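Chemist: What follows is each chain in one-letter form.
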Amino acid sequence: MPHGSVIPAIILIFSLFILQLCIASVASAGGGGNGINVWPKPRIMSWTTQPRANLLSPSFAISSPKHFYLSSAANRYLKLIKTEHHQPLVTPSLINITTSSSSALHTLFITVESLLTPLQHGVNETYTLSIPADASIANLTAHTVWGAMRGLETFSQLVWGKPNLLVASGLYVWDSPLFAHRGLMVDTSRNYYGVDDILRTIKTMSFNKMNVFHWHITDSHSFPLVLPSEPDLAAKGSYGHDMQYSPDDVKKIVEFGLTHGVRVLPEIDSPGHTGSWAEAYPEIVTCANKFWWPAESNWTNRLASEPGTGHLNPLNPKTYKILKNVINDIVNLFPEAFYHAGADEIIPGCWKADSTIQSFLSNGGTLSQLLEKFVGSTLPYIVFFNRTVVYWEDVLLDDNVNVRPSFLPKEHTILQTWNNGPNNTKRIVDAGYRAIVSSSEFYYLDCGHGDFLGNDSQYDQLQPSSSANNGGSWCGPFKTWQTIYDYDITYGLSEEEAKMVIGGEVALWSEQADPKVLDVRLWPRTSAMAETLWSGNRDEETGIKRYAQATDRLNEWRYRMVSRGVGAEPIQPLWCLRNPGMCNTAH
Amino acid sequence: MVRSHTSISNVVALIFFLVLLIIPSVQSTTATTIDVWPKPRLLRWAPLHQLSLLSPSFTIASPYDHPHLSSAVSRYLTLIKTEHHLPSSVNNPLTATSSPPPPPSPPLQSLHIFIHRLHAPLHHGVNESYTLHVPNDRPTANLTAETPWGAMRGLETFSQLVWGRPSRVPVGVYVWDDPIFPHRGLLLDTSRNYYGVGDIMRTIYAMSANKMNVFHWHITDSPSFPLNLPSEPGLAAKGSYGDDMQYSPDDVKKIVEFGLDHGVRVIPEIDSPGHTGSWAEAYPEIVTCANMFWWPAESKGEDKLAAEPGTGQLNPLNPKTYQVFKNVISDVVKMFPEPFFHAGADEVTPGCWKTDPTIQSFLSNGGSLSQVLEKFVNETFPYIVSLNRTVIYWEDVLLDGVVKVDSSILDPKYTILQTWNNGPNNTKKIVDAGYRAIVSSADYYYLDCGHGGFLGNDSQYDQLVGSDTVSNGGSWCAPFKTWQTIYNYDITYGLSEEKATLVLGGEVALWSEQADPTVLDSRLWPRASAMAEALWSGNRDETGKKRYAEATDRLNEWRHRMVSRGIGAEPIQPLWCVRNPGMCNAVHASI
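Chains as they are written, first to last, in my numbering: chain A, 1 to 587; chain B, 588 to 1178.
Since the hints were derived computationally from the structure, they do not count as laboratory data.
It should be emphasised that the depicted structure is a prediction, and the values quoted were computed from it without experimental measurement.
Think of the CB as a built atom: it goes at the ideal place given N, C-alpha and C, for glycine as much as any other residue.
Incorrect hints may appear among the rest.
[Unchecked claim] Simulated restraints on C-beta separations:
#, chain 1, residue 1, chain 2, residue 2, range
1, A, G365, B, P634, 51 to 59 Å
2, A, H85, B, I996, 51 to 59 Å
3, B, P654, A, S93, 26 to 34 Å
[To be verified] Listing some non-contacts, in silico: residues in chain A with all C-beta distances to chain B over 10 Å:
#, residue
4, Q50
5, S59
6, D197
7, S246
8, D248
9, F256
10, L258
11, T300
12, N316
13, P317
14, F360
15, G365
16, R404
17, H449
18, E541
19, L574
Okay, chain A solo, but in the shape it has when bound (with noise of 0.2 Å):
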């Protein structure tokens, strides 16, 4: 892959002279085989000796630096630890497990060399965890308080046993991403989340060394923020006050997101999506609360892409009043260093319904300077704040309202790509952009549960027509494990485009999915993504892709986050993980 800076490749190619110099013989740990399996898998995880366990103290500890959300991570993983009691599918083939407790491993020790380095894209997530044959001390270092929390998470995953804990022995792990941008977003306006799932879900993001959590909070079906400069927004446009995010929410949702090394992205999707902004402030949205896409009418006079009409009028000045004050209590309640913005899907219908815009254009003025309008006097603001502005790559790139690249100044904004997979990727890069790859047609979680929209006559008849053929939403069909796993998200790009890619981001978007489907649309396919944007999707010696091992690892870890309390999704019978290899095709 071709993502990692110098000081990691240093550090590889260190570490791995110092193996070959040291180690006898070397076997690749984690491949499978011994069902010692760490997801995403590391990239260098070796024995030392053969493979082995050990006898985990009943008075194991964990020795971490003083660090506020560190010391808060030590702890939730030593209780992690020792109670969970993992007990594999397959019991691991180990040469060795020693069961003098006399040798027992009592102290993971753990170095951090740069305490103070805050959670910002691009911080080093590096970790090397070393967990001698026989030893009482096992050592985690790492640059950041981050990369410790990762290193922390692969022990979690060494561990296993009842009543007896083993700790996976005589083994060394070297990690780091190869991408630094490793998200997930999930909507919370066309359906709600309480509070507890959003917890849930970035715990288990960080238990699958995720890192972004992109919070997509608005849109044209509800506001469920509630912001004090701008209360209204929210007890007008929520569903109800039971499903409204407070500030204190929102605190706590961020700090939740720190003590796991979780970023916690906000997006404010503007100016188009924001229906819901219309119950508090009717005058600066147009098209608000009308028919999407009246029967009289052909697509390209639809009002909104989807139900739920509305855009900010960007010739209205009060629109910019309101939503000024919506970034300041934005960035006051997210410290995180990136505001997402939206920008994506501008529909010329909803525009063209308002009399001052109809006046504009007939002046000659056109829809996309309505839009340099509104992004001339917005990110210039929310960079006032020392923000980067994400935008939906349609700010650019869509065929009929777009902005120029003067109007997005390289430095301060990355375009997120969702359409046309690679092809994308490469105008966004090819333009002097950084990117965040969601392409629907892998990332998508939400596709192929057939469409949402009511009264629809594709289906009235007795054959599938072809919409009907691969689920029948736009974006079917359903993607599987296999189709995140392989996606390669720099495809196609010289390596010097491929360093503008920053990473990726599965996306749950709420049309079909609640609380109810929360857990079981995200996981396990998220872990694919995970593990492929971490160490890669491919076998480091031969280049093929190794989803077929993968499966096998991707079942176990299936069933250890069903354990720590995830309602993952099975992709196999239990059967094919007890007979190893039994359910490979060999054609």
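Given chain A, put chain B in place with the hints provided.
Modeler: Same frame as chain A, now just chain B:
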């Protein structure tokens, strides 16, 4: 619908009530804002659309000594008094505050149940019709049914009429109801992955809320044998996934009784002679090709040992096979009072039998695989019939391209065939051959499809852009069957009225390669509800037009109600659509 199961007495009743309806000012039944799922055949709400409070001392009067009915009555009384359902749609006329308050009616004090044939057993074809009358001038509602099972359907309908806090009920309501198809089922595979007894009971409970009446329990298969049988305890002891993943005789009894309390028959399936790999843990000698790799690299498609990983078929030439098998049948018949017994007989795979030396010599002496299967069926079918059971087989037993029996050995009187391939074509083949059919077409009714293949090491995924197989969701029966696909399927499509009467009904099926308790509810609901309505009252309106349009809003509301009843059904629309009726519709022919 092409056909109707309405019996003559029901037709008379229907005509009688239609006449009654025409005399007062006729209220269109489609204009009703009362949501009941599945939609009753006839529901009339007097034009004033009056509501009454449900009296805090509301009771259900059922003067009958019938354990299952009594259980249902007390269950519904509790539900009705405690549910306090709040419709999601704030614009629902039921909850609208802008309309003038209706004239006050006295609080409803009681619902009286009248049953004509109290002792009718819960068997295939039992009369499930009921009439429900909630008057607007008296505090007493009446529920009249032929049988206790019909009364249970009426209780469910009544429970869906009640909403709000304090509880309200529409009055001036008349319902006549009767299912179009008598067999409305759901198959659950508990062999590939295990489900706890609580999961099964919750599923039966949700079925009864949808007026479904057959839980088809695919108990055993090659991956595991979870059923603990008194005469053959070794099968589960050695063939289950573990001691904590078995069903004891007491568990079965609990499930069967729970089914009766909910008007749901529990049909056991012991799949054989294929799909029996798990039997080999206890009796390796009666199973051919057990524990082998399902499709060796060097062999062609037709030499596969099994249709999927997990090999093993009972050996029809070994006498011991029948000794064990008859013990199994005898136990299952004792545990399940249900008169239908599902004997499987799907996917007999030639390569598996051909690995066995005794079968090899039978074949080299001029025998055929179909004769081997005929021997198996001849040894087992009469035995099952002798125990007063009607035998259901998968269609393969007759329609398989390679291994099948002659229809002369399957007496249509005692045989029902369940179709799963080729959509309407195989249904037609089955009824044309004179057999009764249960429809579980994989193209429409398989709930597990579209979640990707479950095979490991599958090279079709090693590409950037998906191939055709991958692009439809990756599993053999992909894509995912949406609720609309299920709702709109006409299971008697292309059949004459006469032939259509041989179609008993349908079953949605959840095979468990990629399902287990964590996804059970979301895979089943509300998609099984879509079939439940199509088989109960049809999928078309009075004009013959498919009614999925108005069904969307009702199903959405019903989904929310199921969730509040503890069923983890998946959402079909944003809440916004429920709150803004009509706004999420499509008005264009294609999108």
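Chemist: Which numbered conditions among the earlier hints are violated in the structure presented, ordered from lowest to highest?
Modeler: As far as the earlier hints go, 3, 17 and 19 are violated by this structure, in ascending order.
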